[in-house]
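As a plain string of letters, each chain reads:
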Amino acid sequence: MTELERIAHDIRVDILKMYYIAGWGHMAPALSCVEIFTALYFGDVLRMERRSEEDHDWVIMSKGHGCATWYSCLSRTGYFPREDLNGFYQAGSKLVGLASPSVPGVPLPTGSLGHGICFATGTALAAKCKKNASRTYVLLGDGEAQEGSVWEAAMFAGAHKLDNLCVILDRNHLQASDWVENITVDEPLRERWEAFGWHVLECDGHDFPALLSAFEEAKAVQGKPVLLVAHTVKGKGISFAESRAEWHSRAPRGEEWDKACAELGIEVKELGRI
Amino acid sequence: MREACTNLIYELVKQDARVMALTADSRNGVYERIRDEFPAQYMDYGISEANMASSAAGLAASGMIPFLFGMTNFMAMRAFEFIRNDVAIPSYNVKFIGIFSGLSRGGWGATHQGTEDVALLRSLPNLLVITPATPIEAREATRWAYRHEGPVYIRLEASGEKEYFSNIYEFAPGIGQKLRGGRDITLITMGPILSEAMEVAEELEKENIYARVLSLSTVEPIDESLILEAALHTKGILTLEEHTIEGGLGSAVAEVLAEAGIGTRFRRLGLHGCATGCGNREEIRALNGISKDDVCRTVRQMMEA
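In order, the protein sequences belong to chains A and B. When we follow this note's numbering, the leftmost residue of the first sequence carries the number 7, and every step to the right adds one. When we follow this note's numbering, the leftmost residue of the second sequence carries the number 1223, and every step to the right adds one.
For the record, the hints were derived by calculation from the structure and aren't laboratory data. Remember, predicted model here, so these are calculated numbers, not experimental data. Relax, there's no trap hidden among the hints.
Straight-line alpha carbon distances no greater than 27 Å define the calculated DSSO-like cross-link-like pairs of lysine-lysine that follow:
hint	chain 1	residue 1	chain 2	residue 2
1	B	K1400	B	K1428
2	B	K1236	A	K137
3	A	K136	B	K1236
What follows is a set of in silico ranges between Cβ atoms, one per label pair, in the way DEER data are often shown:
hint	chain 1	residue 1	chain 2	residue 2	range
4	A	S99	B	I1484	40 to 50 Å
5	B	L1450	A	D61	43 to 53 Å
6	A	Q228	B	R1369	38 to 48 Å
Yeah, the Cβ is synthetic: ideal placement off N, Cα and C, and Gly gets one too.
Based on the provided sequences and hints, a complete structural model is requested.
Below is the structure:
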């Protein structure tokens, strides 16, 4: 197991514990983006040492339903104490169930879809205005891309050549109620985004070498924003939650906890505390 | 009032590299000068108000001070949820300049009339909504917005509004203005419809009805003491606005009176939902019951009651 794989595993354990404490919520949307966020925060993609500087890199989880992954990463990089993860969904805590700006490191509330990518055009444009090296990374859901505002932002970023903007599409093919393809036609993805002026990359969203090399490639692209289509599995890592629409907004129940713990190699009694 | 506001924005752009002039295909002469002279501080987002509002939050998060210029109906209402989630809740330093509010583009129909924006936006956290009544008040509200760290929405109409304030007027939120004294009836207005109230007051004086005229540029916070003083010292209160009274000025004044437990003769003139009808501005006011004649008639009824 590589260091990044170990971190991703630990983040999955955090997620399982957070939903155990919460008792409900969007566990599967968090699990699909664990490797993407692990690569960003722990794979030397973001320049973490600059986070207190004005030209820091931005991370925006536009699909705020996956925020357990983001909160875990932020707690592991010093934005707030690890202990605080125990407050997920709890009264008096800052850790609201969908990404909230009350959490250090989260610049805006997301989960209402089609917002984060628009906000990101502003941080990317500001970096251009100030001529600094800040880059903006956005995680976009594939269902989320049905929002019209996503395409307002896509058209704007392409037209203004925001090559400091990298959008990662969490391509898990599922949205809240069904498979994306049962609801609409969103292919051909590559041609659509290219037509809006974007450079499109694709990779396995659970494979670290593939993700890291895609992020490196994205940094080298000039004159165009980058869409990285990361092929993922919703619910990844908890077998019975994988690729199942009914798992969009729920946590395990009863004996499912034993099974989930067994799959992540922890004891059920460890679940209650982070 | 549009020029009074945008000319000051031009000066701010010139003085402060953080100030940006943004629009969504709603240009004006001053913004075109900014585009030509300070292209790095100008951006036309195209017809995409939602993206502009949220992108402005991203700019503000990066230390810029964006002034968004656009038609009220699009900027405040089409982009409402983007203002709510991305600007108001995290309290980013974004300034919205909404033009052609009320019925100032009356003849274009309800889609282009900004008649619910105050009701919507005053319900949001952190965002201050200002409805200047005159060009000087528009300019001073803009100056205040620049100095204030936090989101501000300035509701403007067009050009050529009558001036009632002196050049040394200073804007402050929650402070209303008394434009005319009187002991019979109080007319409270929001925005440039103040001029109609002033004309009505003059006309009523010929009938020995002495009207006090108050202008409230903010309803959240609202100048409670000015309203309560008027309720105690005049025989009734009539509110007048080019905005839906549900959630607008009429509602806001009613809330103050009700919470203070004050019973007085009280009527609200304004729109009920969207305005209806075709015509020029005066004709649309008349069709929607907020013409000068409607105000005079309502005051007379209140005085007889």
